[in-house]
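Participant: Next come the chains, spelled out residue by residue.
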Amino acid sequence: MAPLTPDDFEEQALAQMDLLYGLACHLCHDPVLAQDLVQEAYLKAFRARASFLAGTSMRAWMAAILRNACYDHWRRSRWIDPRVRADEMARPDPRPAQDPRALADPALERALAGLPEKQRLVLVLFYVEEWSYEEISQALSVPKGTLGVWLKRAKERLRSALQEER
Amino acid sequence: MMAPDEEQELLGRLADLPRLTAPEGLRMRVAEALAREKAGNRAARPAWGWMALAATFILLGLLVALAPGSPLQGPNASQAVAASAAAPMDRTLALASEGPSLERMADEVLAEQRSRQAHRIYQSLEFQGEGLDLALAY
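So the sequence lines, in the order shown, correspond to chains R and U. Its first residue numbered 1, the first sequence is counted upward by one per residue in our numbering. Its first residue numbered 1, the second sequence is counted upward by one per residue in our numbering.
Incorrect hints may have been included.
[Claimed, not checked] Quick list of in silico lysine to aspartate or glutamate cross-link-like pairs, DMTMM-like style, CA-CA up to 25 Å:
(1) R:Lys118 <-> U:Glu7
(2) R:Lys118 <-> U:Glu9
(3) R:Lys118 <-> U:Glu37
(4) R:Lys44 <-> U:Glu37
(5) R:Lys155 <-> U:Asp16
(6) U:Lys38 <-> R:Asp72
(7) R:Lys44 <-> U:Glu24
(8) R:Lys155 <-> U:Asp5
(9) R:Lys152 <-> U:Asp5
(10) R:Lys152 <-> U:Glu37
(11) U:Lys38 <-> R:Glu40
(12) R:Lys152 <-> U:Glu6
(13) R:Lys155 <-> U:Glu6
(14) U:Lys38 <-> R:Asp8
(15) R:Lys152 <-> U:Glu9
(16) R:Lys155 <-> U:Glu9
(17) U:Lys38 <-> R:Glu11
(18) R:Lys118 <-> U:Glu6
(19) R:Lys152 <-> U:Glu7
(20) U:Lys38 <-> R:Asp36
(21) U:Lys38 <-> R:Glu10
(22) R:Lys155 <-> R:Glu135
(23) U:Lys38 <-> R:Glu135
(24) R:Lys144 <-> U:Glu7
[As the list claims (entries may be wrong)] Pulled from the structure, derived: some chain R residues nowhere near chain U, Cβ distances all over 10 Å:
(25) Pro3
(26) Gly55
(27) Thr56
(28) Tyr71
(29) Leu140
In case anyone wonders, no lab produced these hints; they're calculated from the structure. On a predicted model such as this, the values are computed, not experimentally measured, just so you know. We put the CB at the ideal spot given by N, CA and C, even for glycine.
Using the sequences and the accompanying hints, generate a full structural model.
Facilitator: Written as structure tokens, this is what we have:
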């Protein structure tokens, strides 16, 4: 299958911008930083467009690139020591959410922000963005079987966090 | 363990979270960044058209240079053979016009040979003489 032409890439990828921006806000809790990360992700994706497999989900591929861009940013800014193992990156972010979503349900948003990154992403992608397991599995590079476990834990943790809020 | 109604309520709240819309400024920034990237790609891409044109000119130049009778070309093979064949003939004719006999030419060759032999013998004697001088000195 021929790689994406620059114009094809632009057409397909730019259609995912709202989604990517929302994900970036969930990942970094900073709308300004989220915009930088989205732009960086687009440039990275453009340069790597030959590696996109035709027939797979463009938004899942872009989400994976965005997530890696976030990790790179964290490493660069030393929020997370690069020697920390990948699973330890999933620690909760103590900062409150600053994106406009917080206005809709501030308690829920704060509880979400307190979840480890993986659990937060799984919940958002599955219940808010209504992605399939297949796409989430591709975006987060985890087997589909693991997603079910993460979702269950994420929901329980979210419920506990909400109960603590009350 | 979460009760079913509790779970339903939680999922309802999650589903009610509004989806964010990317700011217009971000769209413009990304579009501009992608346009710059595309322009950079175009600049970095080799100009195949110009390269093909240059190759055509080089080929044409070679064809002209190698064409028979071209002023850029040296003597061709037959001309070179004729010239090399003509050279000794010219020399012979020149010698004949000067009138040297075969005998005289043979004498010249022999004299030259003798002179070379004499030189070699002289050198050898000289070497031996030096050796003898050395031996006498000791």
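Participant: With reference to the structure, classify each hint as holding or not holding.
Facilitator: Now for the hints, and whether the structure bears them out:
1. Simply put, Lys118 of chain R and Glu7 of chain U have alpha-carbon atoms about 20 Å apart, close enough for the 25 Å limit, and the pair holds.
2. Between Lys118 of chain R and Glu9 of chain U, the direct Cα distance comes to roughly 22 Å. Compliance with the 25 Å bound is thereby established for this hinted pair.
3. As the CA atoms of Lys118 of chain R and Glu37 of chain U are separated by approximately 32 Å, the hinted pair breaks the 25 Å bound.
4. With a C-alpha separation of about 10 Å, the suggested pair Lys44 of chain R and Glu37 of chain U falls inside the 25 Å cut-off, and the hint holds.
5. Under the criterion of a C-alpha separation no larger than 25 Å, the hint pairing Lys155 of chain R with Asp16 of chain U is consistent with the structure, at around 16 Å.
6. The straight-line distance between the Cα atoms of Lys38 of chain U and Asp72 of chain R is roughly 24 Å, inside the 25 Å bound, and the hint therefore holds.
7. Only pairs whose Cα atoms come within 25 Å are accepted, and Lys44 of chain R paired with Glu24 of chain U is accepted, the gap being roughly 21 Å.
8. The straight-line distance between the Cα atoms of Lys155 of chain R and Asp5 of chain U is roughly 13 Å, inside the 25 Å bound, and the hint therefore holds.
9. For the hint pairing Lys152 of chain R with Asp5 of chain U, the CA-to-CA distance comes to about 15 Å; that is within 25 Å, so the pair holds.
10. Of the supplied pair hints, the one linking Lys152 of chain R and Glu37 of chain U is violated, its CA atoms being roughly 42 Å apart against a limit of 25 Å.
11. For the hint pairing Lys38 of chain U with Glu40 of chain R, the CA-to-CA distance comes to about 15 Å; that is within 25 Å, so the pair holds.
12. Note on Lys152 of chain R and Glu6 of chain U: the hinted pairing holds, with a Cα-Cα distance of about 13 Å set against a maximum of 25 Å.
13. At roughly 10 Å between alpha-carbon atoms, Lys155 of chain R and Glu6 of chain U fall within 25 Å of each other, so this suggested pair holds.
14. Distance check on the hinted pair: Lys38 of chain U and Asp8 of chain R sit about 12 Å apart at the alpha-carbon level, within 25 Å; holds.
15. A C-alpha spacing of about 15 Å is found between Lys152 of chain R and Glu9 of chain U, which places the hinted pair at or below 25 Å, so the restraint holds.
16. About 11 Å separates the Cα atoms of Lys155 of chain R and Glu9 of chain U, which keeps this hinted pair within 25 Å; it holds.
17. The straight-line distance between the Cα atoms of Lys38 of chain U and Glu11 of chain R is roughly 14 Å, inside the 25 Å bound, and the hint therefore holds.
18. For the suggested pair Lys118 of chain R and Glu6 of chain U, the alpha carbons sit about 22 Å apart, so the restraint of at most 25 Å is met.
19. Between Lys152 of chain R and Glu7 of chain U, the direct Cα distance comes to roughly 10 Å. Compliance with the 25 Å bound is thereby established for this hinted pair.
20. At most 25 Å may separate the alpha-carbon atoms for a hinted pair to count; Lys38 of chain U and Asp36 of chain R meet this at roughly 19 Å.
21. For the proposed pair Lys38 of chain U and Glu10 of chain R, the alpha carbon gap of about 10 Å is at most 25 Å, so the pair holds.
22. The suggested pairing of Lys155 of chain R with Glu135 of chain R holds, with an alpha-carbon distance near 20 Å, which does not exceed 25 Å.
23. With a CA separation close to 28 Å, the supplied pair Lys38 of chain U and Glu135 of chain R exceeds the 25 Å bound.
24. About 22 Å separates the Cα atoms of Lys144 of chain R and Glu7 of chain U, which keeps this hinted pair within 25 Å; it holds.
25. At roughly 13 Å from the closest C-beta of chain U, the C-beta of Pro3 of chain R stays outside 10 Å, upholding its exclusion from the interface.
26. Remark: the non-interface label on Gly55 of chain R is consistent with the geometry, its nearest Cβ contact in chain U lying 23 Å away (cut-off 10 Å).
27. With a closest Cβ-Cβ approach of about 21 Å to chain U, Thr56 of chain R is found to remain outside the 10 Å limit, as its non-interface label requires.
28. In this structure Tyr71 of chain R is separated from chain U by more than 10 Å, as the shortest Cβ-Cβ distance comes to about 20 Å.
29. Every Cβ of chain U is farther than 10 Å from the Cβ of Leu140 of chain R; the closest lies at roughly 18 Å, confirming the non-interface assignment.
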